[in-house]
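**Student:** Sequence:
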Amino acid sequence: MSITVISDAATATGLLDSGTVARPLDGKPISTRTLEVMLAGAGEHGTGLWECAPGRFERQLDNAEVMHILSGACIFTPTGQAPVRIHAGDTLFFPRNTTGIWEITETLRKVYVVLALD
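Numbering-wise, the sequence shown is residues 1 to 118 according to full-length UniProt numbering.
Honestly, the hints are just simulated from the structure, not real lab data. Incorrect hints may appear among the rest.
[Said to hold, decoys possible] Beta-carbon label-pair distances, calculated as ranges:
| no. | residue 1 | residue 2 | range |
| --- | --- | --- | --- |
| 1 | 75 | 10 | 16 to 24 Å |
| 2 | 81 | 4 | 30 to 38 Å |
| 3 | 39 | 82 | 33 to 41 Å |
| 4 | 41 | 81 | 17 to 25 Å |
| 5 | 9 | 117 | 23 to 31 Å |
[Stated by the list, open to error] Calculated pairs, EDC-like style, for lysine to aspartate or glutamate (alpha carbon to alpha carbon, straight line, at most 20 Å):
| no. | residue 1 | residue 2 |
| --- | --- | --- |
| 6 | 28 | 103 |
| 7 | 28 | 17 |
| 8 | 28 | 106 |
| 9 | 28 | 62 |
| 10 | 28 | 8 |
Keep in mind it's a predicted model, so treat the numbers as computed, not measured. For every residue, glycine included, the Cβ atom is placed at its ideal position computed from N, Cα and C.
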């Protein structure tokens, strides 16, 4: 079994168009790109790189998620809580069923681990 290395992940090429976010708030499509990484032994958990163009949208995952921001900047406002400013170098841990609003202010790229629902 070998490991996967993505050199300079913040600027790596190879991300594929993965459509637009499902719940944009400003009426305009917000494009995303993804590089899924198949991780042997991870079961149904999803891993990879994800990139999103600027815009505002609702968080659309019910799953718990761990992410590390590689580049860009945004604000995430959890439902009923104060906005959180996020930028390159930050690591976030989202509990299952976290809702709120993403405002991507500078194209964002992250490493993600989406945990499969029980």
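**Student:** Look at each hint and say if it fits the structure.
**Tutor:** Quick rundown of the hints versus the structure:
In this structure, residue 75 and residue 10 meet the distance hint of 16 to 24 Å, their C-beta atoms being roughly 20 Å apart. A hinted range of 30 to 38 Å for the beta carbons of residue 81 and residue 4 is consistent with their spacing of about 35 Å. About 34 Å separates the C-beta atoms of residue 39 and residue 82, a value consistent with the hinted range of 33 to 41 Å. Distance hint check: the CB atoms of residue 41 and residue 81 are about 35 Å apart, inconsistent with the given range 17 to 25 Å.
A C-beta distance of roughly 26 Å is found between residue 9 and residue 117, which places it inside the suggested range of 23 to 31 Å. Taking the CA atoms of residue 28 and residue 103, the gap is near 13 Å; set against the 20 Å cutoff, the hint holds. Proximity of residue 28 to residue 17 is assessed by CA-CA distance (about 17 Å); at most 20 Å being required, the pair is judged to hold. About 16 Å separates the Cα atoms of residue 28 and residue 106, which keeps this hinted pair within 20 Å; it holds.
Distance restraint check for residue 28 and residue 62: the Cα-Cα separation of roughly 23 Å exceeds the 20 Å cut-off, and the hinted pair is therefore not satisfied. Between residue 28 and residue 8 the alpha-carbon distance is near 31 Å, which puts this suggested pair outside the 20 Å criterion.
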